[in-house]
Amino acid sequence: MRRLTFDTLRVLPVGAYVTLCYGFIFLPVAVLVLFSFQDGTLPVPPFKGVSLQWYERVFESRRVMDALWNSISVAVLSSAVATALGFLAAYGLARHRLPGSGAMQWLMMAPISVSYLIIGMGLLITYNEVGVPKSLLGLGIGHVVINLPITFGILYSQMGAHQANIERAARDLGAAEWQVLLLVSVPMLWPALIAGFCLSFTLSWDEFIIAFFVTRFDVTLPVEIWSMLRTGLNPMTNAAGTLVFFISMLLVVIVELSLLRRRRRNA
Amino acid sequence: MARVAGRRARALPRIGAETARGWGFLLPGVLWTIAFFVLPLAIMVLYSFWQRVGSVLVTDFTTANYERFFAQTALTKALTNSLEVTAITVVVSVLLAYPLAYILAYHVPRRWQRIALVLAILPFWTSYLVRSYSWLLVLAEGGIVNSALLGLGLIDEPIPMAHNRGATILGFVHFFTMLLTLTIFANLVQIPRNYRLAAADLGASRLKVFLRVTLPLSLPGVAVGAFLTFVIAIGDFITPQILGGNKELLMPQAIMLQIGRRGDFPMATAMGLILMLVVTAVFLACARWLKMERV
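As you go down the protein sequences, you meet chains A and B in turn.
Quick note: the first sequence, position 31, residue 31 per the working numbering, numbers continuous.
Quick note: the second sequence, position 225, residue 1225 per the working numbering, numbers continuous.
These aren't lab readings, by the way, just hints derived from the structure by calculation.
For clarity, every value in this text was computed on a predicted model and none was experimentally measured.
Hints are not guaranteed to be accurate.
Said to hold, decoys possible - Just a sample of chain A residues kept apart from chain B, beta carbon distances all over 12 Å, derived: (1) Asp39; (2) Met65; (3) Asp66; (4) Arg95; (5) Gly241.
Stated by the list, open to error - Restraint ranges, calculated between C-beta atoms of paired labels, are given here: (6) A:Leu77 / B:Arg1114: 26 to 36 Å; (7) B:Trp1023 / A:Arg168: 14 to 24 Å; (8) B:Val1145 / A:Ser227: 19 to 29 Å; (9) B:Asp1201 / A:Gly160: 31 to 41 Å; (10) B:Arg1068 / A:Gly160: 47 to 57 Å; (11) A:Lys48 / B:Val1045: 53 to 63 Å; (12) B:Ala1200 / A:Leu77: 48 to 58 Å; (13) A:Leu183 / B:Phe1070: 52 to 62 Å.
Stated by the list, open to error - Chain B is faced by these chain A residues, among others (derived, beta-carbon under 8 Å): (14) Thr19; (15) Cys21; (16) Tyr22; (17) Gly23; (18) Val29; (19) Val44; (20) Glu60; (21) Leu88; (22) Ile118; (23) Trp178; (24) Ile209; (25) Trp226; (26) Leu229; (27) Thr237.
C-beta atoms are modelled at their ideal positions from N, C-alpha and C, and glycine is treated no differently.
All chains should be modelled from the sequences, with the hints used to inform the complete structure.
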C-alpha cells in the first residue's frame, strides 16, 4: 500500500507535466485544423459546424494551386541537387585523403550557421548586381545552398568503414569508379539519401524569407500564404495551412520509415 | 592489369590521381557554396560600406551605415530587443524541454519511446508561417483563450494577448521547446545507464545522481539546442511580424523595413552583418564556456 502511494505520488506529476506539454505543443495545430472546417467566415469560436467550403476555395484558387505547384517543383529539384552534391562531396571527403579536408568540411557546413534572412539578402543583392531577374530558379539555387550542409552532414556521418571495405572489394573485382558509386555506394546509403532528400524537401517547402526576397510573379506557397495573411484571420488560410501540415507529415512518415528500416537491418 | 590490382591492394598510392579524383567529387559542392554563399556574403560586406544617398547608390568606401546604426536609438533598440526576446526564449524553452526530454528518455517504456518523441515534435514539421498564424487564432480577441475565459465568466472584456512581446516569445517557445526536446533527448539516451547505476550503488541520492552525473553529461545536448534556438530565433522575421506586430521591432523586422520601405540595401546589409557578428560572438562565448565546464 505504501509502495502504491509512493508510485502514484511519483507518476502523477510526471503524467501531468507530459500532458500539459503535449497540450501546449498541439493546441495551435488542433485549433488550426478544427477551424479549417468552420462553417462561417471567422476561424475563431464559436464553431458553427463542419463545412468543406474553405477547402473548395483553396482548390479553386488559381494562385494557391500555382504556388503549390511551384513549391513542389522548387523543393523536388533543389533537394535532388542538394542530395547529389552533398553525396559526392561526402564521398570525396570520406573516401579520399585530401589536403585541406578540414577546411573544406568547415566550408560545406558553414551556411548552416547563417540566418536565412542574411543568405536571402545576399542572393538578392548578388542577382541584382549580376542582372539575374527574380525567379524560381534563383530561389532553387538558394535552397540548394541552405540544404547542402544538411545532406552533406547526414551522408558524411553515415559513410562508415564497413562500406569503404565493400567499395574496395568492388574495385578489386574490377568495377570502375562510377560503377562503385552507383551500384555499391548509393544502394548502401539509400536510407541516408532518402532522409537527406526528405529533410531538404521539408525545409525548402517551408522556407519563406529567401522566397520572399528572390521571387516576384511566380511565388511559392509560403509567400502566397503570407499574402493571404494580410486579409486577417480567414478559414481559407486555415485550410491551406492544414494541407501544408499534412504534406509535411507525409514526408516525416517516409523519413521515419526509411530510418526504421535501416535500424532493423543494422540490428 | 594484375600489377595494377596488386598495387591497389597495398592501398599505398594515395597521392596524385587519387587526390585529384577526391577533389573531383568534392568540387561541385564546394564551388556551389563559394558561388552562392561566400560570394554573396562578400558582396554584402562590400555593400555595407557603400551608402544610399537619396535614391542613388554611392560606391565610395564609408562606415556611415555602421555609425548611423549605433547613433540611432531606434535601431540599437531593435538589437537589444532581439537579444532580450531571444535570451528569454532560450531560457524558457530549455526549462520546459528538459523535464519533457528527461521523462521521455528515462520514464517512458522503450517501445513507446520513439512514437512518444515523434508525437512530441510533430507540429515542429508544420509550416513555420502557419504555426505562427495558428497562435494568432489562440490569442486573438475572439480567439480560443479569450472565448474560454469569457465563457467561464472569468473576464468581462477580452484581454489583448496578441501583437506584443509576450506573444512573440510564446510563439518562439512553442517551436523551440520541440527542437530542444529533440536535442536533449538525443543526448540523454546516449548516456550509459551504468553511470547512473554506479552512482546510485555508491550511495548517491536520486537528486545527487541527477546533479552530478546526468545533468553535466547532458549539457552538450542543451548547448547544441540552445545555440540552434538562438541562431534561428534571432534571425527570424515571421514570428515577431505575425505575433509581435509593429509596436516593438526586432532586428529582422528593422532590417526588412530598411529594404521594404526605404530600399536602403547598404543599411540593411550593415545591420544584417552586425546581427551575424553578434551571433558569432555568442557562439564563441558558448564554445568557450562549454570547454571550461568540461575542464
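Exercise. Going by Cβ atoms, does aspartate 66 of chain A stay more than 12 Å from chain B at every point?
Worked result: holds (18 Å)
Exercise. Per the CB criterion, is tryptophan 178 of chain A less than 8 Å away from chain B?
Worked result: Cβ of tryptophan 178 of chain A sits 11 Å from chain B, so the hint is violated.
For this session: Find the nearest Cβ of chain B to the Cβ of aspartate 39 of chain A and say whether that gap is larger than 12 Å.
Result: Non-interface label stands for aspartate 39 of chain A: nearest chain B Cβ at 16 Å, farther than 12 Å.
For this session: For the range 14 to 24 Å, tell me whether the beta carbons of tryptophan 1023 of chain B and arginine 168 of chain A fit it or not.
Result: holds (20 Å)
Exercise. Using the C-beta atoms of leucine 77 of chain A and arginine 1114 of chain B, is the stated range 26 to 36 Å upheld?
Worked result: Since the Cβ atoms of leucine 77 of chain A and arginine 1114 of chain B sit about 32 Å apart, the hinted range of 26 to 36 Å holds.
Exercise. Should the hint that arginine 1068 of chain B and glycine 160 of chain A are 47 to 57 Å apart at their CB atoms be regarded as holding?
Worked result: holds (53 Å)
Exercise. Per the CB criterion, is tryptophan 226 of chain A less than 8 Å away from chain B?
Worked result: Cβ of tryptophan 226 of chain A sits 6 Å from chain B, so the hint holds.
Problem set entry | Interface hint for leucine 229 of chain A, Cβ within 8 Å of any Cβ on chain B | Leucine 229 of chain A check passes; min Cβ-Cβ to chain B is 6 Å, inside 8 Å.
Exercise. If you take the shortest Cβ to Cβ gap from valine 29 of chain A to chain B, is it below 8 Å?
Worked result: holds (5 Å)
Exercise. Are valine 44 of chain A and chain B close enough, Cβ to Cβ, to be under 8 Å, as the hint says?
Worked result: Hint holds; valine 44 of chain A Cβ to chain B Cβ min 4 Å, cut 8 Å.
For this session: So, tyrosine 22 of chain A near chain B? Judge it on the closest CB pair being under 8 Å.
Result: Tyrosine 22 of chain A check passes; min Cβ-Cβ to chain B is 7 Å, inside 8 Å.
Problem set entry | When the least beta-carbon distance from leucine 88 of chain A to chain B is tested against 8 Å, hint result | Hint on leucine 88 of chain A: holds, closest Cβ of chain B at ~5 Å, below 8 Å.
Comparing the model with each numbered hint stated earlier shows that hints 4, 5, 14, 17, 20 and 23 do not hold.
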